[in-house]
Amino acid sequence: MKAFSDLYKRLDSATSTRAKQAALIEAFAAAKDDPMQWASAAWMVYFLAGGKPRQTVPTRLMWRLAVERSGLPEWLVEECYSNVGDLAEMISLLLPEGKAGEEVSLDRWMRERLLPLPSLDEEERYARLKRWVEELPAGQRLAFFKLITGELRVGVSRLQVMKALAEVAGVEESRMAQRMIGYAQARRAPSADDFQALIGDVAHAEAIALDAGRPYPFYLAQSWQGPVEAMEETLGPPSNWTVEWKFDGIRAQLLKRGQVWRVWSRGEELISDAYPDLEPLARALPSGAALDGELVVLVSPAGDFVADSLDGLAPFASLQQRLGRKVVSDKTMRELPVAFIAYDLLEIDGRDIRGEPQRERRARLESLIERTLDEAMARGERLPMRLSPLVAADDWPALAVVREQARALGREGLMLKAREGAYGVGRRKGGDRTEVWWKWKLDPMSVDAVLIYAQRGHGRRSGVYSDYTFALWSAGEGAPDRELVPFAKAYSGLSDAEMREMDAIIRRTTVETFGPVRSVEPTQVLELGFEGIAPSKRHRSGVAVRFPRMLRWRRDKPVAEADTLEALRALLPTGRG
Amino acid sequence: MDLIVPTDRGLYCAAGDFHIDPWRPVARALITHAHGDHARPGSDLYVCHRLTAPLLKKRLGDVAIEMADYGERLTRDGVEISFHPAGHVLGSAQIRLAHGGEIWVVSGDYKLEDDGVAAAFEPQSCHVFITESTFGLPIYRWRPQEEHYAAIDAWRCDNAAAGRASVLYAYALGKAQRVLAHVDASIGPIVCHGAVEAINALYREAGVALPPTRLAQEIANKRDFARALILAPPSAMASPWLNRFGDYSDALASGFMQVRGNRRRRGLDRGFALSDHADWPGLLAAIEATGAERVLATHGAVGPLTRYLREKGFDARILSTPYGEEETPADEAAPEAAP
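Protein sequence lines correspond, in order, to chains A and B. Read in the numbering used here, the first sequence has 291 at position 291, and its numbers run on one by one without any break. Read in the numbering used here, the second sequence has 846 at position 269, and its numbers run on one by one without any break.
One or more of the hints may lead you astray.
Computed footprint of chain B on chain A, listed as stretches where at least three residues anywhere in the stretch have a Cβ under 8 Å from a Cβ of chain B [to be verified]:
1) 67–75
2) 78–88
3) 229–237
DEER-style ranges, computed between Cβ atoms [said to hold, decoys possible]:
4) B:Arg791 <-> A:Glu97: 36 to 42 Å
5) A:Ala497 <-> B:Ala738: 55 to 61 Å
6) B:Asp735 <-> A:Pro389: 55 to 61 Å
7) B:Glu795 <-> A:Glu498: 35 to 41 Å
What the hints contain is simulated information worked out from the structure, not anything from laboratory work. C-beta atoms are modelled at their ideal positions from N, C-alpha and C, and glycine is treated no differently.
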């Protein structure tokens, strides 16, 4: 635990990426040389890479500990929380100092102490927690509570952890990225073997990875923000690019190795169990294949055997009903059938072909899909798989026109993939026109909304009013009794300077304070953008929006001229997507 | 009627016809200490502690000042006035008023820990205590100051070993001199921003022993910065003034550094929760020591502190003032307390 706590402090007291990297490398290298530390190091990597174990201590016990051990009234502890913005940090600031007990390794903390907790009754769990905290050296307290909440907030990305491990193991970063896939999955309990597999010799580790059915790191697209006019110059002619729709589904990799098949989400979660619909498809695929694509709900019309037909593609709201389900009934599969729209082939005949150009991978993908679907059709079987159709046009302005249809079709825009490009790792930055994937999304829908509530943020925004609730007018200007109806919350989009300014305005115009929330006089109008919109019975506005964010501070706009709910509802799609 | 009431100009004592720390110009202003949010320009006459006077002149120009020593009794229209150490910065005072058998104390800003520079806080018995509450939440419990000084020195040593300068932001009036008086001067040269150096001179004139300090432009060889401690006001954060120091690590000395988010939001390497204000236990101890039944809280976390006190049986209320603008967690670079 001391090693983890020390590393945490070191990472916390360094702002530069370089210094953090040095700290990670040093810690991992020290662990590599000492097999006794592997088990704890495995956990260290797990937490730093964003892993969260199943909840061992419910939040209510954390609060109880904070209230009872500090001897403070509950409302005051809540007040402290809203100022600190981080439960683990708040508790470590409030508790009285402990008396240092024996050092317990991170692995023992997890395996012998924390992980068995959920099987105990509440009082026993609380009693143990209390005793441990008393014996914990004050300097390790923060790190300990961070283990419980899993919210490290120490400014280290999974990418940085990967790079540090690659350096320590002496392997390429792309290989380390693959080794780490699934490593930080929720509820995993990594072991010394896992750490060894990360830093160990290549052949051994890779064999394990293949057995485990691990996917490849996802290649991510960067966002094309420039104007259409600039595309020809920056990107060359559209003929250099494979252009496809950007679907509003779940990005996923479908693998089949031997008779084992797996579906992995982009968040590197194994999700095969949630989509048994795909079983027939997986059975039909040849062994040693890895496909990249999108999970969608698709209610295919009878008799549709066209490989790249998107007839029956349902909006994201349908897919949402399939998310997070542990048990999938036949009824669900009948009403909300899931299909895999394939757009890339990463492995065929057990061979990694990510280095081949996009056009070659695409050709292989097309022939694989056609063959698989044809064979199935011959058996009288329809498989839940589609080939992502190509979108073609002579020039960029013509493509821009096609892109405009995306909203009506329930899609997010277009994807541009360099025809000569390999399948890379992570998100590649820069003006590179041969390797990059671009997502060319629709401009977000937007309305001008009024700020009515504010709440203090978390992490680096703790103490600052940075989380806002926005409202729209119930009726147009001049209508009697019109009121502001809340419709969305947004946290991002303002610059740091704007946020500080807004914080000051919120403090000045507060009407009422309810715990961490302040209601403010309606004085500020902001342009709020969002990606999707759907009717909702749960929202007072009757509408739910996806990914709302602040696009612009409309200082020029008086509150009375903000948009109405009617204007928002006008953005609802009229028919099916 | 209360001996002190809030008006649009500041806290006002009608019986003696004077204001305390007014925020707009008045005829007669009693001043607790020389920070900008407590000592504002434009009043006809200022009354303050002897050691506050030069600081006040530095900030406000050649204004009319009447000086008092700690404990000395002044009388005005039957109101007995005295200044008592507040332990905040040089010359800082609590102002005690006695009239008609009732005693009121206005704390100004204060801390209980004796920093060896400002005269140590002396609790005053009173009926009504008007207290600051900048850090009026239980998350604020200061570590002993020696730990912070040691941590600052250790950070400087690490930086010096890595060939980096150590830029420490601290309020130009008070915090900077407190740090100066306690850090290890043997680690390397100490460079001060002009705003800090101007106040250093006044502290030295008042007899406070500070190690030798220099202005940045007095360092000829830029390589000397690598071992140096550079003391600057928070307003220098992200300013071009810093460009000359090459590679540096930065830190802020402020009670708000108790919360990581306040540091991380500013992108600072380190934060030292070294404060010239009372922490939560300090506020409670100070209030307890006055024996006051009525407590009025003026700035900071006034809501939580007064509610907590009411639950403990005090008659505690919020007294709205614009004080505390020198230290708010939301300000990236708080305005300087000195010119």
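Evaluation of the provided hints:
For the segment 67–75 of chain A, the proposed coverage by chain B is satisfied: 4 residues have a C-beta within less than 8 Å of a C-beta in that chain, meeting the threshold of three. With 6 residues carrying a beta carbon less than 8 Å from a beta carbon of chain B, the segment 78–88 of chain A meets the three-residue requirement, and the given coverage holds. With 0 residues having a beta carbon nearer than 8 Å to a beta carbon of chain B, the segment 229–237 of chain A misses the requirement of three or more and the stated coverage is violated. A hinted range of 36 to 42 Å holds for the C-beta pair arginine 791 of chain B and glutamate 97 of chain A, which are about 40 Å apart.
A hinted range of 55 to 61 Å is violated for the C-beta pair alanine 497 of chain A and alanine 738 of chain B, which are about 35 Å apart. For the hinted restraint 55 to 61 Å between aspartate 735 of chain B and proline 389 of chain A, the CB-CB distance of approximately 59 Å keeps it satisfied. The hinted window of 35 to 41 Å between glutamate 795 of chain B and glutamate 498 of chain A holds, with their beta carbons roughly 39 Å apart.
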